[in-house]
Structures are given as C-alpha cells and as structure tokens.
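Engineer: These protein sequence lines are chains A and B, in that order.
Just so we're aligned, residue 7 is where the first sequence starts under this note's numbering, counting upward by one.
Just so we're aligned, residue 7 is where the second sequence starts under this note's numbering, counting upward by one.
Among these hints, one or two may not hold up.
Stated by the list, open to error - With a cut-off of at most 30 Å between alpha-carbon atoms, the simulated DSSO-like pairs for lysine-lysine come out as follows:
id : chain 1 : residue 1 : chain 2 : residue 2
1  : A       : Lys190    : B       : Lys348
2  : A       : Lys417    : B       : Lys192
3  : B       : Lys37     : B       : Lys348
4  : B       : Lys419    : A       : Lys408
5  : B       : Lys101    : A       : Lys41
6  : A       : Lys37     : B       : Lys101
7  : B       : Lys348    : A       : Lys182
8  : A       : Lys182    : B       : Lys192
9  : B       : Lys95     : A       : Lys408
10 : B       : Lys75     : A       : Lys408
11 : B       : Lys101    : A       : Lys95
12 : A       : Lys105    : B       : Lys101
13 : A       : Lys41     : B       : Lys37
14 : B       : Lys182    : A       : Lys192
15 : B       : Lys41     : A       : Lys283
16 : B       : Lys378    : A       : Lys43
17 : A       : Lys428    : B       : Lys101
18 : B       : Lys419    : A       : Lys182
19 : B       : Lys378    : A       : Lys24
20 : A       : Lys190    : B       : Lys417
21 : A       : Lys348    : B       : Lys37
22 : B       : Lys190    : A       : Lys419
23 : B       : Lys182    : A       : Lys24
24 : A       : Lys24     : B       : Lys417
25 : A       : Lys37     : B       : Lys95
26 : A       : Lys182    : B       : Lys95
27 : B       : Lys348    : A       : Lys101
Please keep in mind that the hints were generated in silico from the structure rather than gathered at the bench.
2 protein chains.
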Amino acid sequence: MPYFCIAIFLIAFNSMSKPSIPRGTRDFGPKVMAKRKYILNTIEQVYQSFGFMPLETPSMENLSTLTGKYGAEGDQLLFKVLNSGDYLKDISADKFESKVLTPLISEKGLRYDLTVPLARYVVMNQNEVSFPFKRYQMQPVWRADRPQKGRYREFWQCDADVLGTPSLLCEADFVKIYRQVFSKLKLTGYEIRINHRKLLEAVVEKADASAHFKTITIIIDKADKIGIDGVKNELINLGLNETQTSVILSLLNKQAFNAANLANIKSALPDTENANKAIGDLTQLLELLNHQTDFVYLDGSLARGLDYYTGCIFEVVPTDVQMGSISGGGRYDDLTGIFGLKGISGIGISFGIDRIYDVMEELNIFPADGTKFTDVLFCCMDEKAFAYCLPLADDLRLNGIKTEVYPDTSKLKKQLDYANAKNISWAVIIGENEMNNNQLAIKNLVSGEQELIDKNALTLFLEKL
Amino acid sequence: MPYFCIAIFLIAFNSMSKPSIPRGTRDFGPKVMAKRKYILNTIEQVYQSFGFMPLETPSMENLSTLTGKYGAEGDQLLFKVLNSGDYLKDISADKFESKVLTPLISEKGLRYDLTVPLARYVVMNQNEVSFPFKRYQMQPVWRADRPQKGRYREFWQCDADVLGTPSLLCEADFVKIYRQVFSKLKLTGYEIRINHRKLLEAVVEKADASAHFKTITIIIDKADKIGIDGVKNELINLGLNETQTSVILSLLNKQAFNAANLANIKSALPDTENANKAIGDLTQLLELLNHQTDFVYLDGSLARGLDYYTGCIFEVVPTDVQMGSISGGGRYDDLTGIFGLKGISGIGISFGIDRIYDVMEELNIFPADGTKFTDVLFCCMDEKAFAYCLPLADDLRLNGIKTEVYPDTSKLKKQLDYANAKNISWAVIIGENEMNNNQLAIKNLVSGEQELIDKNALTLFLEKL
C-alpha cells in the first residue's frame, strides 16, 4: 500500500472511531449550561412578571405550515424530515430529481422560528385563547444555513408576543422588559433603538421615492456597515437625485427619544397619514413611558429589513462590545392572516441568547458563583465514614444546601481535585479521628483554611455563611 | 360535479385551510406548560441538590452515532433529516430504493434518547470531564412510533446518570432522589421496585436454564400483564420442566426490602458468583440507606427487558392509578464502550414526564395556584387611568408581584372576563372617582369582594396576603 493510501486509511479510521456532532450544532456542557440557564431564567422571570404565559410547540411542523412563510431563501433553509417507513414505496423512479422528489418523501420540517408556530397555534386554538394573548416561548429553532462564527444550525429563540390588541401599552411594556432584563443581567452598555415603519414611509414619501421603498429600507438598514457615504452612493445608484437623497439621509441620525425631537421630526414632514400615525404612536409611547427614556434612542435608520412590521420597530445593540443586535422586534398587523384568521394585531420581541451570552462572557459579568453546582462535598476516608456522614448530607439538602458525598474512599487529594474541578466551596472530611470525637473537619476550598467542628454544628455553621 | 366530488373537494379545501400539527406531536398551551414546568422544575431541583450538573446535546446527531445503538427496531424508529441543498445531485437514479437511497440522502437523525448522546459527549470530552461525572439532562426525544394514547413521537426525557464509579452510593442516592421528587410532588401512592440483574442470573442458573436467560427475563417481565399462570405456561412452552419452572416462579414475588428477606434469598440460592454479587450489592445498598426503606420493594420479576443493565435495576410504579412505570433505570458497566472508551461503569434513571403528568392530573394533586400566571390586573376605565396606574404596576413587579395592565379601556366586564380566564386573583379598577380621590378599587376575584384603598397602600395591601 503506498504511503498516501495509508494516510487516507488512517484518516478514515480515525473519523469512524471518534464520534462527532453535526456541523453547526453544539453540546452545552455544565458550565456553559449554567450560564445559559442564568440568561434564560432571567428573561423568563421578567416575561412572567408582565403576565406572559408559556407556550411550547412541536419541533416538527408540517411543511405545509412552514413553506412560503420565510421567503424563497427561508424555504431553502428548512430542515426537512424524511417520512418514516418505506417512504419510496408508492413513488415511481421518474421522480428522481430533488425538487420533484422532496415533497413526496418529506412532509415535516424542523421549526424555523417561533413566530409561525405561534400564529398556527392561535389559529388552531382560537376558541380557547383569550385575547389579548400574551405568550412567551423559549425553544430551539433550526436553519440549514452555512455555519460560521456566531451562526449555528440549531439555536434558541426567546420570544414574547401580545396578540389581539393595537394598544401602545404593549410597546411600553416591551421597553420596560428590555430594561429589566438587562438590569438583572448587569448589562449596562446597550441602546434600545426605536423606529416606526410609517416614519420610514413618510420620509420616503417626502423624498418622492415610494416606488423604491423596499430597496431604500434595505440600503439604510446597512448604514452601520457601509457608512453614510455608502448609503448615499447606493441611493444615487438607485436613481435618486441629490434632493431626494438628502431627504432620506436626514433619516440616518440617532437621537434622544423625547418630545422636542418628535416635534422637530413632525415639523420636517408633510402632514400625511403615515407621518401622523408614526408621530402619534411615538408620542403616545413616550407618554406611556412617563418620559423615562433611559437607554432608549430614536433611530431613523432602523428598518430591520423585514417586510411584515407595520408599526414600532425595536432593536437592542450592545455598546461596550463589537456585536450585532441582541434583540429585535416590532408590531405587525396581521400575523395570523397567513392561516386564515384576519385582523389580529400583534407585537413581539425576540432575545438572541447566543449573542447575549457572548457579550456577557466578553464583559465578564456572569455572576462568579453561577457555575457552582455543589455547595458541600463530603470526603470519606474510610468505609465507616459513609454511615457517619449520609444522614448529615440528607439534612443539608433538606436545608437547601446542594450536597454530595464522594462515592468512594479515594485519596483525599483525588477527592479535593474533584471538588475543585466542580467549583465546590466546602469539603467536609471524615476519618477515624473525626468519628471518634464526634467531629467533622471542614475545609474552605477557596481560602484553604480548615477547622474541626462538632458533628451536630454543621448545618448551623453553613447556614451562617 | 356529482355530490361525492363536492364532499371530497370540501374536505380537501378544509384540510388545506386549517393548519394542523404532525401526528404524535403536541402543542403545550399555557396551563399545561405551567404543570409540566412544575414537574420539570421539581425534578431539576432535586437533581441539583445531589450535585448533578446540566447537559444539553444537539437535537440532531449524526446517523453514524445513532444507528445500531437501539436494536433493529430502534433503527426503524429514528427520524432522519434530509441533507440540505440539492441532495440528489451526485446520486445516480439506480439508487432509487429506500434502503439504498436513505444513507445517501440523510446523514443526520433526531435524538432517540438521552443516553447515547451522553456516551458520545463523554467520549468526545473525556479530557475535560472529571469523573465521577454526574449529569442531568431534560430534553425532548423523537421516535417514529405509531402514535397512540400516551405514546408520542416527540416526548421529554429527564435523565440523571453518574459515570465513572461502581459505588453503590449512587444507587442509594437515586432511591433518595425518587423519594424526594415524589414527596415534593405530593405523590404518595407509588412503589420503588428494585432488582439486580445478577440475581436474575443466579436464579436462572439454579434452574439450570441459563441458555434461555434472555427469553426468560422477557417472559417474567410480563408477569404484571399475563399473571403467574401466564408466565408458567410460557416457561413450559419454552421447554422448561416442572422443577425448573417452579424455581423461576419463586422469583415472582414482591417483598419488603430488608435484611431478613435478603438472608432468605441468599439461603435459597447456591453459593455462586452471581448470587454473591447480587446479595452483596443489595445488602450494601440497604446499609447505605440506613435501613430506611419506605416505598422500596424487592421485586424479583423486574427485568426491564433491557440487555445493557448489569447491576441494580429500578422501576417506579404508581399504585393509586392504573398506569405503567413512571421511572426506570439501573447500572450498566460499559456505556461509553460503544464509542471506544472502555471500563466506565455508570448508573442512571429517567423520569417519564408525560405519565407523571397524567397520574397527577388523575389524582388532582397539582397545586391549585400553579396555573396563576398573573397576580394583579389593572383595569383602566379611561385613558387618563394609564398614567395613574403604570408607576404602581412597575412598583408591584419590583416587589415580585406579577402584574399586568389591561391594554385598553374596554368595558369592565370584558376586562374581568380576561382576568378570570387567566386565573388572576386581584383586579385593581381605576376610574374617574378613584383618581379624584387618590384611591384604587381593589376586587378579590375569588370572593368577589371589592374595597377602596388609598393609592399608596397597594403594595402593602398585597404583600400582607
């Protein structure tokens, strides 16, 4: 066998014997899980404090539910599940072409987002759902995207939506939800950027460029990346003249969200339906926030590239770390219309857990004790010590102290290494001497200090801390 | 068009317009979710109190990881995910047969259980994992089984395993975990049934029927369903004589887990390696439990039909409700061997959430306030009331009281209907009069009583309760 063949054989053998996971997916080991749970629990708590109720939908949806809802590109990115059993049985061989064959051999796909399943759920359960329906949903979604840094094929979304009311109180609640979530997470460097779909429309109307509305929103949405000059060039390439371009460029500033700025915008715009609706909504939102606008900015360039928003649009961007938006959302007029239930206005936001995780990691603001899984480890130096310590361990657990007993009588060093690897704060060491004197040796694994205490004093000793 | 054609057309139209979910999958609406979360959180809390750490693995695994791990039937039940892109591009049309085609067009499958992914994770991360590795994992799994009552194609498993120690302390911990979980869930009617794989082997040895060991375990495992006579018949059909049969039937009793019964079993068995190991393990387990064996029974018929258990076996069965086991587990000697890491002994259990849910529902033991999503609803009778109540709502939330403001000024009846549908306890009603007098009308939605209180007294009023 020539050398290169051996090399190929070894590579093949290696990849056979070593298990792996699919590209773009991840295992979340204990330490990562603890931090993810911290983020998820914080968001969930805040959602609940505003009266949002949990919903979970199946991972698999019928492809008839998913297809056509995310544009042509989205359809490409759906993960499709092969029909079970002998799925080719009734299919003739002349169907051997993926576009033709796929609908015949696959009826189900993996959830692509949490919004379409919400719409589907509400339509299916419209008689039981009481409106306004406030639900939150925190589940993984799947997209057959090309994996790259920060982009995964399986990732979590954490959505909250209110369906069935046009009230701007919802917008105000979501601003408060943002501030509460990030305040609890101790994330202080961020901006909540707000815009209004109809403000964009009013400005494009004023520029007499409504025919290009969609393209223009896509261009200004890129302002962060390509700069003002880049936007200007693209607008001119689109065929807009100097005057039109400068009207649209006037959008591109980010300003404080206050009454004076709203009045300025109003006076700069003609008295159109779109302008009045946008300024009216934003004014009402400002009032519902009682003019408390910390972290909130009015960002005329915010378009979020999405067709279906019809009112206020939100985006949250971290300011101390180079990273895209960590949350987004907005109001839509007709989410459930795609499944035949018309006239249900709604609004929703979605947190990007992976990015929030990365931001918090980079800023090192996860709580230091967040990855402590166990408070106390009992270390038995001989077999008799198990009977001595097990009732104590039970007692600690009843008092809410996470406790484990090292399962054998390994050398102390090995047991303490285990404790250190798990970030455990206290070791309670029990050998012949301790048992004879009805005592325990308790070692602080952070300071290294060790002391002897009475056997019955343990719970009290630990509760004092 | 003849009548039957119209009927078919209507059915087709109907099924097109009404969205649905795949067979065997479920939506979990808010009330069901609240109860499921209650069970899951309880189990998680108990797992954590024993030092178990969270792990999550991807929903999709490579089919090379999954195939061959669950027997031929299991392979049939794997949901396979179609490769993305033009998956037929490089495949010739003569492969048009599902057995041949499938491996060419599908490389990934959905997780079938949480045990194989655990083994895969530990092998992939063996240098970072510190043993004994105590992990819990609560995630959905998927099986392309025929859906029926209580059997779903997507369902949750809640596993805990300890890898890397043969210590019977783990067995003792799992017995305690069972008792704590069910005690917290207020489920008092259940039995923890214990057996030992090697006790089964010792008895079958004594009956001189070791050649039929696997078949015999399958037969006695059915004792619950077919009765002692049924077991006897099947053993005789297998070719066993009267003496052999009666030795094996002696297994079929369920008895208290205590030293006297263990001694009896020991004296009834020949002095073999299997008998000594089984009695030795069970005796040590009894001692580690400090002879506290409430809820625990020794059940000689327990075999759990699974090949890979090598030591103690567990099963939990509810006794007040007709239902199969709600948890099971046991010790295995070589879980990670399938991926090339030999000699890692382990033990694990798994809770069946769906059945626990059904048992608790039937016994009506879910906490009454478990489906309260909101504590207080503010009902505004005119627009000015929003500014009046919003700071109060913020304040209640800061005090941990789940609060929402009805988003518009609908008639009071409509707002209270919403509160009732959501199980809300308190409505705070604000109209002209209340605002003029700096008051709030607070209505207890359970008793129907209503009183006026001072605006600033609200938090105190609610905290008193």
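Engineer: Now tell me, hint by hint, if it's right for this structure.
Structural biologist: These are the hints, each one checked on the structure:
| no. | hint | result |
| --- | --- | --- |
| 1 | A:Lys190 x B:Lys348 | violated, 45 Å |
| 2 | A:Lys417 x B:Lys192 | violated, 40 Å |
| 3 | B:Lys37 x B:Lys348 | violated, 45 Å |
| 4 | B:Lys419 x A:Lys408 | violated, 48 Å |
| 5 | B:Lys101 x A:Lys41 | violated, 47 Å |
| 6 | A:Lys37 x B:Lys101 | violated, 46 Å |
| 7 | B:Lys348 x A:Lys182 | violated, 54 Å |
| 8 | A:Lys182 x B:Lys192 | violated, 38 Å |
| 9 | B:Lys95 x A:Lys408 | violated, 55 Å |
| 10 | B:Lys75 x A:Lys408 | violated, 34 Å |
| 11 | B:Lys101 x A:Lys95 | holds, 13 Å |
| 12 | A:Lys105 x B:Lys101 | holds, 17 Å |
| 13 | A:Lys41 x B:Lys37 | holds, 28 Å |
| 14 | B:Lys182 x A:Lys192 | violated, 38 Å |
| 15 | B:Lys41 x A:Lys283 | violated, 42 Å |
| 16 | B:Lys378 x A:Lys43 | holds, 23 Å |
| 17 | A:Lys428 x B:Lys101 | violated, 51 Å |
| 18 | B:Lys419 x A:Lys182 | holds, 28 Å |
| 19 | B:Lys378 x A:Lys24 | violated, 49 Å |
| 20 | A:Lys190 x B:Lys417 | violated, 36 Å |
| 21 | A:Lys348 x B:Lys37 | holds, 26 Å |
| 22 | B:Lys190 x A:Lys419 | violated, 36 Å |
| 23 | B:Lys182 x A:Lys24 | violated, 36 Å |
| 24 | A:Lys24 x B:Lys417 | violated, 66 Å |
| 25 | A:Lys37 x B:Lys95 | violated, 42 Å |
| 26 | A:Lys182 x B:Lys95 | violated, 51 Å |
| 27 | B:Lys348 x A:Lys101 | violated, 47 Å |
Checked against the numbered hints above, the structure violates hints 1, 2, 3, 4, 5, 6, 7, 8, 9, 10, 14, 15, 17, 19, 20, 22, 23, 24, 25, 26, 27; every other hint is satisfied.
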